[in-house]
Amino acid sequence: MTTTTRTALVTGGAGGIGRGIGARLARDGFRVLLADRDATAVREAAEAVGAEPWVLDVADPDSRREAVTRTGGCDLLVNCAGVLRDARVRRLEPPVFRRLTEINLLGPIALARLVAPDMAARGAGAIVNIASRAWLGTFGSTAYSTAKGGLVGATRSLALELGRHGITVNAVAPGFVETPMTEGLPPEVRRRTLEAIPVGRAGRPDDVADAVSYLAGAGYVTGQVLVVCGGRSIGAPYATPVEEAS
Amino acid sequence: MSTPVVEVAVRGEGSVLSAVRAALSTVRPAAPAAVVVPAVPGPGPLAELGDDRLDALVGDTLDAVLADVRATLGQPLDRLVFVLPHAPLMGVADGVAASAVAHGVLSMARTLAIELARDGVTVNVVAADVDAPAPGALAAQLGALLGAGGEAITGQEIYLTAGTDLGRARP
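Same order as they appear, the protein sequences are chains A and C. Here this note's numbering runs 5 ahead of the position in the first sequence, where the first position is 1. Here this note's numbering runs 2 ahead of the position in the second sequence, where the first position is 1.
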């Protein structure tokens, strides 16, 4: 009996959630290509989780092609790279909006286009897009919410298009997750955020990684959004708006 | 004494624009209002969605929607409605660009409803299947959202499909 090692490409691999996903997939037996724009950080993260580091700018077409080529055949694409810098719509600068669209939405779609032919040729593959609970609307996050909503839409459409080739496409929508990116939240914002989470705690990267691990092997689940938010999305209505993050 | 006529600003170049204009001809808004009709891309398979095409169909289109929204916010505004085609919102095969734009606008509207509530601006989405057998539905719905009583309706997504989407999970 021969065993074939599956390969996963995880973008945003140096971030808290991406690193957690990489670690989980490595434990699941994947060969993990952990990719990120930050070369130093991704090397450190990859070494820590038993993955191969790769420098990737998801907004750069050449960089995307090089990463997919490096996989040598991608069985699982996890689109986790993302940026959060944002503002209320009245203060949102169009270049910032476009930059968030490029990284959070266009890059993931482009990567899906690059991995799909090889997956289709093998008749199997999975794409997991890391969206966000902001897809449901979040104060002060016009650009981020728009891009993540677009990613959910892309997920549904790609699931319909690629399902016939044995490729599943799903999204995970994390809520508030403790990562280096959220460490700088003002204490009052943090307190009010946690109060709105029914399970009474912030999410952890492992919570998101568990969802990705499940979807990576769930061949009969496609086009779905798995909201990993501790119940926040069904909990209290949107509270008094907090100050914008940027 | 006659009631002053309130004009509805219409922005965007979406496929349902003519239906929206026709519907608005029968609507009497109760407050300053704008309707944005995004130009959602047409169908096309993923394989043909190269980098430049993706940038243009999705990136440029969403930029245009933001520009339309910012323009509406530069004028007196109490009611904002986005009208989207129903099919890409529900999801269509070979329609990733269309679904990305439609869902992006949907989430933008959700966030705007939250952000603009403090300013007294309502924001809603109407998903229209213009081929559905309910020709008066769009006018009736726009009338409800823009007319008297509409000030209490915000953050809602209304599917005008005459039931053509029953049994499918909405986004």
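Please note: incorrect hints may appear among the correct ones.
[Claimed, not checked] Restraint ranges, calculated between C-beta atoms of paired labels, are given here:
id, chain 1, residue 1, chain 2, residue 2, range
1, A, G240, C, G46, 34 to 44 Å
2, A, R75, C, R55, 23 to 33 Å
3, A, A44, C, R55, 27 to 37 Å
4, A, G78, C, D53, 54 to 64 Å
5, C, R23, A, V60, 49 to 59 Å
6, A, G236, C, R172, 47 to 57 Å
7, C, R120, A, P99, 22 to 32 Å
[What the hints assert, rightly or not] Non-contacting residues of chain A with respect to chain C, defined by C-beta distances greater than 10 Å in every case (computed):
id, residue
8, G21
9, T45
10, R95
11, F102
12, R103
13, T106
14, E107
15, R118
16, R127
17, A152
18, L156
19, E166
20, E188
21, E193
22, D215
Bear in mind the hints are in silico, worked out from the structure with no lab data behind them. Note that the structure is predicted; figures quoted are calculated from it, not measured. Ideal placement from N, C-alpha and C gives every residue a C-beta, glycine not left out.
(request) Report the numbers of all earlier hints that the structure fails to satisfy, in ascending order. (result) Result: hints 4, 6, 10, 11, 12, 13, 14, 15, 17, 18 and 19 break, sorted rising.
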